[in-house]
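**Student:** Okay, here's what each chain looks like letter by letter:
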Amino acid sequence: MPAVSKGDGMRGLAVFISDIRNCKSKEAEIKRINKELANIRSKFKGDKALDGYSKKKYVCKLLFIFLLGHDIDFGHMEAVNLLSSNKYTEKQIGYLFISVLVNSNSELIRLINNAIKNDLSSRNPTFMCLALHCIANVGSREMAEAFAGEIPRILVAGDTMDSVKQSAALCLLRLYKASPDLVLMGEWTSRVVHLLNDQHMGVVTAAISLITCLSQKNPDEFKTCVSLAVSRLSRIVSSASTDLQDYTYYFVPAPWLSCKLLRLLQCYPPPEDGAVKGRLVECLETILNKAQEPPKSKKVQHSNAKNAILFEAISLIIHYDSEPNLLVRACNQLGQFLQHRETNLRYLALESMCTLASSEFSHEAVKTHIETVINALKTERDVSVRQRAADLLYAMCDRSNAKQIVAEMLSYLETADYSIREEMVLKVAILAEKYAVDYSWYVDTILNLIRIAGDYVSEEVWYRVIQIVINRDDVQGYAAKTVFEALQAPACHENMVKVGGYILGEFGNLIAGDPRSSPLVQFNLLHSKFHLCSVPTRALLLSAYIKFINLFPETKATIQEVLRSDSQIRNSDVELQQRAVEYLKLSSIASTDVLATVLEEMPPFPERESSILAKLKKKKGPGVVPVSELEDGKREGGELNGGGDRGPDSAMSSTPSPSADLLGLRSAAPVSAAAPSAGSLLVDVFSESGAGGPAAAVNDDGFLRFVCKNNGVLFENQLLQIGIKSEYRQNLGELPGFSASAVPPLSVPSGLGDGDLNVQTKPVEPLVEGGAQVQQVLNIECITDFSEAPQLNIKFRYGGALQNITLKLPVTINKFFQPTEMAATDFFQRWKQLSQPQQEAQKIFKANHGMDTEVLKAKLLGLGTALLENVDPNPENYVCAGVVQTKSQQVGVLLRLEPNAQAQMYRLTLRSSKDTVSKRLCDLLAEQF
Amino acid sequence: MRFMLLFSRQGKLRLQKWYVPLGDQEKRRLGRELVQTILGRKAKMCSFLEWRDLKVVYKRYASLYFCCAIEEQDNELITLEVIHRYVELLDKYFGSVCELDIIFNFEKAYFILDEFLLGGEAQETSKKSVLKAIEQADQLTSTCYQQASPRITSPTCYEHA
Chain L
1 MPAVSKGDGM RGLAVFISDI RNCKSKEAEI KRINKELANI RSKFKGDKAL DGYSKKKYVC
61 KLLFIFLLGH DIDFGHMEAV NLLSSNKYTE KQIGYLFISV LVNSNSELIR LINNAIKNDL
121 SSRNPTFMCL ALHCIANVGS REMAEAFAGE IPRILVAGDT MDSVKQSAAL CLLRLYKASP
181 DLVLMGEWTS RVVHLLNDQH MGVVTAAISL ITCLSQKNPD EFKTCVSLAV SRLSRIVSSA
241 STDLQDYTYY FVPAPWLSCK LLRLLQCYPP PEDGAVKGRL VECLETILNK AQEPPKSKKV
301 QHSNAKNAIL FEAISLIIHY DSEPNLLVRA CNQLGQFLQH RETNLRYLAL ESMCTLASSE
361 FSHEAVKTHI ETVINALKTE RDVSVRQRAA DLLYAMCDRS NAKQIVAEML SYLETADYSI
421 REEMVLKVAI LAEKYAVDYS WYVDTILNLI RIAGDYVSEE VWYRVIQIVI NRDDVQGYAA
481 KTVFEALQAP ACHENMVKVG GYILGEFGNL IAGDPRSSPL VQFNLLHSKF HLCSVPTRAL
541 LLSAYIKFIN LFPETKATIQ EVLRSDSQIR NSDVELQQRA VEYLKLSSIA STDVLATVLE
601 EMPPFPERES SILAKLKKKK GPGVVPVSEL EDGKREGGEL NGGGDRGPDS AMSSTPSPSA
661 DLLGLRSAAP VSAAAPSAGS LLVDVFSESG AGGPAAAVND DGFLRFVCKN NGVLFENQLL
721 QIGIKSEYRQ NLGELPGFSA SAVPPLSVPS GLGDGDLNVQ TKPVEPLVEG GAQVQQVLNI
781 ECITDFSEAP QLNIKFRYGG ALQNITLKLP VTINKFFQPT EMAATDFFQR WKQLSQPQQE
841 AQKIFKANHG MDTEVLKAKL LGLGTALLEN VDPNPENYVC AGVVQTKSQQ VGVLLRLEPN
901 AQAQMYRLTL RSSKDTVSKR LCDLLAEQF
Chain G
1 MRFMLLFSRQ GKLRLQKWYV PLGDQEKRRL GRELVQTILG RKAKMCSFLE WRDLKVVYKR
61 YASLYFCCAI EEQDNELITL EVIHRYVELL DKYFGSVCEL DIIFNFEKAY FILDEFLLGG
121 EAQETSKKSV LKAIEQADQL TSTCYQQASP RITSPTCYEH A
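Residue numbers (our numbering), protein chains in the order written: chain L, 1 to 929; chain G, 1 to 161.
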């Protein structure tokens, strides 16, 4: 006997459902359904006077059949008829059918909209709610066209029942998401925002979802919601657990509303009003405090609701990224959760810490949990949790822990789930490249990667290792030796053969002195793998062989023999055949000189973005890889294949850490070299935060702040803000993120004055909407060294008035530095070579900022040079080296900075092969310390 | 929230609510694949997973799985409690709810859900208010078809497994 419900049971429906459940096979079920469909069809067609109840019952059966996964192509009209029934349950079933099985039949839509219109104007709250639910469930454009004008009115009308308001708010949200152009809040905006103050908690709960969505799109129009949200949150947070009656959930007051309030606040920067901000910080502290209190209930619902609020609060703290105290507390709280017995909490803590790791305030605090996270990667039983642990390790990796993290990730790869191997491989490859200090470690890591997870090593990864080996002559011998050893393994991955073939073909000579890896041994080793490989790998090996003939004339006969064999020269694959024929001919007729020229060592690869990084970004989609954090490391890893005499081909641009002090605009200081600078550096956030000066109409030399950093806000006034993002490679600079976000519409034609720089701009849109951002990319080529920064002249119209802003672009000679690593002996040798008086520039000046070691190091790294350790006999001193790359020449620069902590003075000495460069750098740098 | 699915341990869909516009084919495919993914997970595993580009939160109650696909910025823990509150509502309405109640009274399950969540967002989180709305609707109904029926499963079936 089937179960029959409360309310109104439909016996026929229950019997039908029962029958379906009793069907022994899929065929029997289909047969029963077809029988029912035929029956319903005949009822709908035949008996015109079908009563409401029967109609409802049949429509309900059709719905059931549809939900089982069968197609339904009739019954829509009967459902629409039910909409105009004055019996509530019939109407309700009609609406349900329409909601689930909406049909784009235009005639039908018109009828449905008519019925909805009637119910909306019925003033019967139950009917109104039904109609609103239907609109929200369907959410089509036609419905938005018909009702988007009416619903805001219902939402804010004084006499609307609370339940109707709730439905209206969420109905509007759905329409807005589907057709934002049709939902115009305009005059209703302020009344909608004030729903946050509504007495009815349910109304607030529903309305806040709408307000949050609207705020994301139009933050300025809705910004009054911030203070309302803060006071509402404050009232909830400070209320006793029973104050809110039915809105208290397992002793937690209004958890849904609290989460939504915290989410809404994440659409905005921290409140400017001190009182509001104070109140909010108090709320956040209370929430953090409550996490330490003993639970009021042992039920998981209690802890879930409480922790839901806690995690949302932590998200807000991370979003603000401005309260070091709260950030560290958040990090400690998450640290506790990392060891919690609830898997869910461990998962969320790992996830949340990932975002925390990219904040400069909490990066170090996150790093202290490294052992726990590594343990999670090893011991968590759930792959989704392990995945989170791997993500976090990736996010918390920096130079100090890279070796440990890469080693752990490599060992995890041996047993990792197949689903995440490819991504893990990419991450290991990126970290290894980013933080490599010695290349042998990098080569070892990548070869291990191929050994452990060869199938998941994509082309990008092995291309990359070859690029780096080619571009770095100090690692070539090691690479040849290591790959030779790796190839000894009886079964080695084809990717290893590719890397091996390429590297031995280029640099096999570097290990040929050892009889264990003599030319013939090398060749035989490679050739022993040949027959197991795919066509592209064989083609690569053939090229390696011809290179061998050039490197080692003694192998010529053996290799020609191989090339001449039928399996090569008559190979059915055109590519292989052609290579065999050509290489054989080449080796036979060309003289040694010609051969040496044709088969010369590969030139360094041109610089470009690391292809593996691009791949990871593509794989994870934008935003998933914390790009800023990735770029952050580039400077540190910059020496990997940057620098050197050979013309570096770094794929890594010199982008130092993005500044946290984006808005700390300083008042202008004189340019004259000896004057103390008011410029602040990114590292000074702690000592100088809050000291922001007034915005000037001309930035004059605000650009001094950019000497040691590449990103930040260059200029800001009431009309527009200009941010700079820049990347430099050798003598080329790109400012791709030159962006202006403006309040009013304005037009931006800009002109640039330049001297020894070749500056090219790309055109921008002539009209900028208020609040919008435009980007203008400036490409800069440094022709020769220069002292004067180029000027950016921005002219635009605002409200009819012509505005004119002239800015100095923060392009300084040091931007074209390539760092050069060198040992102490090299340094002093070069130092002595540059001993003519005009080659040296020196200044002694008073410290303008703190003399903290880490801060100084960060600045010197930001400068673009390599900071050399263990060179100066006095460990207090700093020594740097770099090459200024200009189109006309390269200028080697050596720098020495001697702090005198007692006197709070510095002595700065620069030596370079060009007097103007020494002088200019000395002037620029004297302002920075 | 993007959608909510209820399905049995055998993988049969018992309720599906979509808050984003998708074609019927797409819904069926997504539903089928997600159900398989979740059924393949072990009991003590985490309630959250990243699946394709979705964040999925699920929980099993007796023979039924409740599963929500949520937006990137949505809160996982509160979603677990959305599920729980819905279960409580069903439980209160049917009186110790079991899978069969939802099969035979699927339309009621949809009505209750619409009172609780609308457009994928919490509309009314008070249990009393939601149930009052549903009870009121039932009052408008003639009761002539109502009849008592024996409980098919033991009352203990509502308990999270």
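Rather than coming from a laboratory, the hints here were simulated on the basis of the structure. Note that CB positions come from ideal geometry on N, CA and C, so glycine has one too. A couple of the hints might just be wrong.
What follows is a set of in silico ranges between Cβ atoms, one per label pair, in the way DEER data are often shown [to be verified]: (1) L:T379 to G:G11: 27 to 37 angstroms; (2) L:V777 to G:G11: 46 to 56 angstroms; (3) L:E769 to G:Q73: 22 to 32 angstroms.
**Student:** Take the hints in turn and mark each one as holding or not.
**Tutor:** Taking the hints in turn, this is what the structure says about them:
1. At about 31 angstroms, the CB distance of L:T379 to G:G11 agrees with the hint of 27 to 37 angstroms.
2. Taken as a hint, the range 46 to 56 angstroms holds for the pair L:V777 and G:G11, whose Cβ atoms sit roughly 53 angstroms apart.
3. Between L:E769 and G:Q73, the C-beta spacing of about 25 angstroms keeps the proposed range 22 to 32 angstroms intact.
In the structure shown, no violation is registered for any of the earlier numbered hints.
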